[in-house]
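Chemist: The residues making up each chain are set out below.
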Amino acid sequence: MSLEEKTADRTSSPRASGVPSAVSTMLIYLRSMGIFALIWYAGAWWIGNPVLLPSPVAVVQSLFSLIASGEVASNAASSLQRLAMGFAGAALIGIPLGLLMGMSRILYALVDPLIELLRPISGIAWIPLGMFILGVGETLPTAIMFYGAFFPIVINTLIGVRSVDERLIQAAKVLGVGRSSIILNVVLPASLPNILVGLRLGAGAAWTAMVAAELIGAPSGLGFAVEWYRELLMTPSVLAFVFLIGLFGYLFDKLLRALQTAITPWANISREVI
Amino acid sequence: METVAIPTKAKISLIAITKQYITPRTGQTTLAVSDVSLNIQQGEFLCIVGPSGCGKSTILSMIAGLTKPSSGTISMDGNAIHGPGRERGVVFQDYALFPWKTVRENIEFGPRFRDRAPLSTAARRELVDHYIELVSLNGSEDKYPHELSGGMRQRCAFARALANEPDVLLMDEPFAALDAQTRLILQEELLRIWGEELPRDKRKTVVFITHGIDEAVFLADRVAVMSNHPGQIKMEKPIGLPRPRNEGVRLTTDFQKLVDEIWQLIRHDAYEATIGKAGIKQA
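Protein chains in written order, with the working numbering: chain Y, 5 to 278; chain F, 53 to 335.
Keep in mind the hints are simulated off the structure, nothing from the lab.
C-beta atoms are modelled at their ideal positions from N, C-alpha and C, and glycine is treated no differently.
Possibly wrong hints are sitting among the right ones.
[Stated by the list, open to error] The following label-pair restraints were derived from C-beta to C-beta distances: (1) Y:L188 with F:Y73: 25 to 35 Å; (2) Y:M107 with F:A175: 54 to 64 Å; (3) Y:I163 with F:Y73: 46 to 56 Å; (4) F:Y73 with Y:S108: 20 to 30 Å; (5) F:Q233 with Y:S28: 38 to 48 Å; (6) Y:R109 with F:R77: 15 to 25 Å; (7) Y:R183 with F:L186: 44 to 54 Å; (8) Y:P269 with F:A175: 25 to 35 Å.
[Claimed, not checked] Reference listing, derived: stretches of chain F covered by chain Y, where coverage requires no fewer than 3 residues with Cβ under 8 Å from a Cβ of chain Y: (9) 132-138; (10) 165-172; (11) 280-288.
[Said to hold, decoys possible] Mimicking DSSO-like on lysine-lysine, the simulated pairs with C-alpha atoms at most 30 Å apart in a straight line are: (12) F:K63 with F:K153; (13) F:K153 with Y:K258; (14) F:K63 with F:K286; (15) F:K153 with F:K61; (16) F:K195 with F:K63; (17) F:K120 with Y:K258.
With the rest of the complex left out, here is chain F (with noise of 0.2 Å):
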């Protein structure tokens, strides 16, 4: 096991978190993540990795407060997290767009309607053009997500997220339902829209959820290996490949190697959550 050093300022840090769900039906406790200490630094990229089931997600949703964790603290910038904020965006898994808002009537939600400094109008019109340029959705702006591929959905909701100008943005495995190659593609303008030239303090602090490993270490600066049952940090992992990174990367022997070891450390888990405990012995 890796140590990291825990730095003194975070820009996120999780303290102890559990989460316990109980089952209506039968009564039972469920325990989703236990005992998670992590800290995301200003500008970082982090990848949390595991298999199926393993309370990734409902990290994730703790930090943007939809969920409140049984045991535990989270806060950003020193101040505990109470409830999702404007300052925490988020890209969920299946995009959730409004199906009777435009392209443009999406991306302007929050600008629009949030309860803190709203913006006007003219204001609104000229910050949304600027992300619908910046997502390559321009000329689709008038059209509803019923009548977009899922790339261009997926970008809306990015768009979405971005336009209302969070300081960290939480994303829920946001390409698991794309296609290999749009899924590639994303990745990269990913890091470009994140802005990998830029120096730390101006980028935005990303926790990105995700089951491929390859995809994270390819986008991430630090991963996070979780494991099943309880749902626990296994291992965090620096990634040190150089930015900015383009699909050249991928054939490196640093990022092969990457990829296996976090696979060997995930692989038993893996097998576990697909085939079940009785599969792994034959396997």
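The following block holds chain Y by itself, in its conformation from the complex (with noise of 0.2 Å):
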């Protein structure tokens, strides 16, 4: 029993030392970041030409003054606004549709060419098509998004329902549970690890095509901040807006993958046998 106790706390939790970590991890980060910084400066200086490159000190400026004015704050609302509709629009769509396809030959055979084909064209493609029915406005921005984020939602599900584990679902079957009940209770949660990757590559396709999108066909977002502030010249915004669009890119996966290690937590752990 106590070597069985050992083995068993050897597999459990391999990240057990916590405050340390996190201030190195912090530490390297601002690393990097400071390099990154220093060569930004050294470049501006040696161009001296701050509409095509301004020093990283006007740009923090200018994205301090911008937050103050509240267009940081009303730009992102209406781009998390449509990211939130577009990605909730192709989750609620794509889930389901990837569970059918997985579960269904005749459902499968029947979209999967049509997806194969729509897939490789960016959501960019669409969006001149999109301004001739749409018009600009908030709805071809959401609707790119939901392109966007649709196909790896699908695929990812699909996946997903395909790699569940076949002895699982005997496992439950011999135990005498019924066919909907295993894709309630056996399918499902098997998929989930998959279906949470593809949500993750979603948002992430879904943000990209919408600053796209933005620069464009929206009164608003932070694409259409980009685009209006070059109109001025004001290099200084551009800069600090195409950063938030990195920032609320990268605190939105990680909002994902905090939820991910939350919900399932033994897909972290490497498969032997379970």
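Combine the two chains into a complex, taking the hints into account.
Modeler: Here it is in structure tokens:
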């Protein structure tokens, strides 16, 4: 028994050291950021034209003034609102579709060719047509985000269902568990890790596509602000918004990652005999 | 060859079972199991031994209802088996525990989600507690399978099958993935949990697949020995060793004689399965 407990301990929590490792990660992060800022500063000084490349100090200053004026908040809010709409829509349709495609050969044969055809076409390619049909406004960026998020979500859900260990389904069958209960209590949780991967990839794709859509086809949002300040030749503000696009994308991914470890703790362990 | 009288009322009965596989790539048919007939009595502990690839796991899978025989019939209590059912519990070789469920949730899976007569939360709690106690997993109820050692996973899988209260327990090389010491301990545990002292009609009927001859002789009331190409039952050997059995049984001459007798019988097939036909001529 003691031997078994020992092996159990070894496999349980690989990240035991909490606080010191968090601090050192932070330090590494700051160090690489510092080097980056230094190169940037040198580059700005070398070029000597604040419209082409302003110094990091100017960008930080303009970032603070944009935050103070409330422009950051309003543009970020409209972008995030579109993200929420487009992403939620893609998840609500993509996950059930992926599940059904994974379980029904007929539906798979019917839908898969269409998906494979559309998938390599970037959302950006639809923007001109989208502007034509939907016009400039809320709908276009939301629709483009939906499109961007949809395919990774469907495909990863499908992969998840397809790769459910047949043994687990058999194990439920021999316990006398019926089909619908197996789908709900075996297939769905077993494909959850893949579904979450799909959500993360989808969120990333949606965010990328959104900026492109907002550059052209929206009256507000982070992408719109980038384009707006470019026309005014206010490069520090352009860069401030570009930085914010990166920051929000990063934070959203961080959030989904946290969700991933919180609801599928078993999926992070290397797959051995379970 | 020894003949075993076929009793009139078997718990499980296999009549002329054949199983063919078609390899999708080549279209070739492989005869995995050929004309196997077997009767298993109520409360009997039957072990099926044989070299790898002799179709012993296929037989178990057919009794479980997960695979359909190509021809022949399998019945339990006189009723033909058409699919998996709660009355036949299975312990898989790789355990097949649900990785997103804790030990407790794994064990209560059958009583909770089965179609017929699922139990209430309170009844389930009592039942699961009992089986956790029985397989000595107290204190690990809330762990996930990946946090358990191999032996603990095995016991959890065993408890999951038992908690569903089947009449028949089908075990597919359940100890194969364990180290030698753990295996010896769990063999004795298995006999204790099975209830060696109980009268036959109170015991569960067990079909246990293994390639370990000593394991089979230690556990079984009767050993069915299989041969390769095609998978057939070569001999059925009753094991008359007294019960309850413990470690000491292994040292007796009777035990050794039985093991050797079975080994001599499958030796040739085992060599063939391991090193191929060319190797046998040299050996």
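Chemist: Evaluate each hint against the coordinates.
Modeler: Verification of the hints:
1. As the Cβ distance of L188 of chain Y to Y73 of chain F is approximately 32 Å, the hint placing it in 25 to 35 Å holds.
2. Range check, M107 of chain Y to A175 of chain F: Cβ separation about 32 Å, and the 54 to 64 Å hint is violated.
3. Between I163 of chain Y and Y73 of chain F the beta carbon distance is about 27 Å. The supplied range of 46 to 56 Å is therefore violated.
4. Between Y73 of chain F and S108 of chain Y, the C-beta spacing of about 26 Å keeps the proposed range 20 to 30 Å intact.
5. About 41 Å separates the C-beta atoms of Q233 of chain F and S28 of chain Y, a value consistent with the hinted range of 38 to 48 Å.
6. Our hint of 15 to 25 Å for R109 of chain Y and R77 of chain F holds, since their Cβ atoms are close to 20 Å apart.
7. Between R183 of chain Y and L186 of chain F the beta carbons are some 31 Å apart, a value that contradicts the proposed interval 44 to 54 Å.
8. P269 of chain Y and A175 of chain F have their C-beta atoms about 29 Å apart, which keeps the hinted 25 to 35 Å range intact.
9. Under a criterion of three residues with beta carbons nearer than 8 Å to beta carbons of chain Y, the stated coverage of the stretch 132-138 of chain F is upheld, 4 such residues being counted.
10. Beta-carbon proximity to chain Y at under 8 Å applies to 4 residues in the stretch 165-172 of chain F; the threshold of 3 is reached and the given coverage holds.
11. Counting residues of the stretch 280-288 of chain F whose CB lies closer than 8 Å to any CB of chain Y gives 0, which falls below the minimum of 3, so the coverage claim is violated.
12. Restraint check for K63 of chain F and K153 of chain F: not satisfied, since their Cα atoms lie roughly 33 Å apart, outside the 30 Å limit.
13. For the hint linking K153 of chain F to K258 of chain Y, the alpha-carbon distance of about 25 Å falls within 30 Å, and the restraint holds.
14. Distance check on the hinted pair: K63 of chain F and K286 of chain F sit about 21 Å apart at the alpha-carbon level, within 30 Å; holds.
15. The straight-line distance between the Cα atoms of K153 of chain F and K61 of chain F is roughly 40 Å, outside the 30 Å bound, and the hint therefore fails.
16. A distance of roughly 37 Å separates the Cα atoms of K195 of chain F and K63 of chain F; the hinted pair therefore is violated under the 30 Å criterion.
17. At roughly 48 Å between alpha-carbon atoms, K120 of chain F and K258 of chain Y are farther apart than 30 Å, so this suggested pair is violated.
In summary, the structure is inconsistent with hints 2, 3, 7, 11, 12, 15, 16, 17 from the numbered list given earlier, while agreeing with the others.
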